[in-house]
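So the sequence lines, in the order shown, correspond to chains A and B.
Residue 129 in the working numbering sits at position 129 of the first sequence, with consecutive numbering throughout.
Residue 100 in the working numbering sits at position 100 of the second sequence, with consecutive numbering throughout.
The set of hints was computed from the structure by calculation and includes no laboratory data.
Incorrect hints may have been included.
[What the hints assert, rightly or not] Taking lysine-lysine and the DSSO-like style, the derived pairs with C-alpha atoms no more than 27 Å apart in a straight line are:
| no. | chain 1 | residue 1 | chain 2 | residue 2 |
| --- | --- | --- | --- | --- |
| 1 | A | Lys144 | B | Lys129 |
| 2 | A | Lys31 | A | Lys144 |
| 3 | A | Lys125 | A | Lys137 |
| 4 | A | Lys125 | B | Lys238 |
| 5 | A | Lys125 | A | Lys144 |
| 6 | A | Lys139 | A | Lys125 |
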Amino acid sequence: MAISLRNLSVDYSLPIGTAHALRDVSLDIQKGEMLGLVGESGSGKSTVAFALMGLLANNARVTSGTATIEGRRFDLTRPNATAPLRGRGMAMIFQDPMLSLNPVFTIGTQLIEVLRRRSPASDRKTRMAQAEDALAKVKLGNPKQRMEQYPHELSGGMRQRVVIAMALLSEPALLIADEPTTALDVTVEAQIMREIIGLRDRIGCAVLLITHSLGLVTEHCDRIAVLYAGERLESGSVRDVQRQPGHPYTRMLFDCEVPIDRERHADAAQNRFTVIAGELPDPRRRPPGCIFNGRCDVSFEDCAKVVPGDYPVAGNAAHAARCLRLVTP
Amino acid sequence: MTRWQRTAAFIATRFASVMLTIVGATLLLFLMVRLVPGDFASVMLGPRATPDLRAQIVHDMGLDRSLAEQLWLFVSHAATGNFGEDVVSHRPILDLVLEVIPNTLALAFSALALALVVGIPIGVIAALKPGSWLDSGLALLSISFITTPTLVVSVVLFLVFAIGLHWLPVAGAGNPGDIVDRLQHLVLPSVALALGWVGYISRLVRAALLDTLAELHVRTLRAYGVSEYRIVGLFALKLALVPVVSILGIGLGDLIGSSVVVEIIFARPGIGSLIFNSIAQRNYPVVQACVVFIVAFYILANLVVDMINALLDPRIAAGRG
């Protein structure tokens, strides 16, 4: 069953005023599909994840938004709206595996705690067996011994596998992976992504992959959504978006990727990265018109006045972008 | 090395350092006791002191020997458990100390147990809803417990429950052998001694819990639907108890110190009242023996504290804590 998020808006009250972190963000993820949510730091990617989980910081407020998960509708403006789904319908993998496990409890205890919630009726022995099985499935060697170990006895990659095992045990309909490989070694990244994909294929859940790495998205995701300053500027299948970005921002993001065959200067300091000039707009005051107007290389008069809607790209209804150029002949 | 071997090595290292500390503290105390003005002979004999009597007592106590000689005699005898004979009662000093130590230990440990049993839940409840009226109320309560001196608490409890209401016995430690009587005699002194620590422990537990609850592993448990009660009362509490237990080790010194006051007010025989009387008499040998025992107790208690922490937090035993 498809997961859908509609019109999510989140505000943070800060000492300097109210920051609008997300404005009317909508996402759809099909069962068994992986959606890559990309954007630069501060674009609100993680806020989407925590708003869905109901684990936003105390100074955050959801001003609008509904989620449909497993056929049930949740009004996200109500505090703890999705609490019944935590550990049952939704699971999450976090950015920093070094800090996401309790240091004074064994791996086994923490895995079993997930099962206490997922299957309250089963006994300890069954849960132990299930937890060991889950560790084996995420390719953590010697699962029996691992159960008795503490997090500090494991490497970052191994700890991330433990969290993936937790997700596996909770059998979610929606798995949220919030930058799951950012804190890890590049060599471990591919393995961890493989385990996440393995988990999705085993359970058939929908996966929301939050990342700033376009490489990860193009390699592993089915669909992509591009977030900029709290607004979703483009969404579509990875293939369509890669082939023909509908929004200048998406195109510029792809241009920032360093191609592996690019010519290099002998002097490394002479190598230049492509960057997007300018900065994110002030989150407290949305500029009129298009949110990307200040940094866009193809903007015209109307961009400063008219707020663009979601327009289909190349007549494809499944590929949309918020750019006036799409409807300006 | 396995985890158990590491833990054993950790304990062995700690034990060696404990022994060194006891020796060092004994030397220091030996010198400090000599700094108290007045001497035993004049206090004991009063204005009737004749030079002959004084010389006799000074000789009996070994005070006519050189300081280095006295120190050597004290340390070498103490090492074999011989603290000499008390000049006042003509009984071995070791017997005097061993006779009263169980009373003090019973008092200190019942007070500590009481402080933990009451203080930890108060801290946990306060941390469940920080900033709520309940939290503020418990803060006020805890701080008033901390700021009320043991002396005042003792006198009030004594006047209300022993003298006024006749609910509990007035003085002493109870008949030896009669458990119920001894427990009844223990109630008021241990409550008096524990009250300040209830306040301390609840504040410490609350602060440590709130720190722990802000850590990312708590978010993981929340994301997997673990109930807030299990998170606070089990998963965060175990981690939060590590700093609390460390401070308890230091606090045991304060507990023994305050027991002097409590033992005097409730006329309980104990090491506190023994020290108090011996200092009043300038009875150095008894004071020295008592202090050696207190230092040893304090250091052993801290060793136990370190071992409890190594059990609570496996990273401490692994040397990464």
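Hints that the structure is at odds with (numbers, increasing): Hints 1 and 2 not satisfied by this model.
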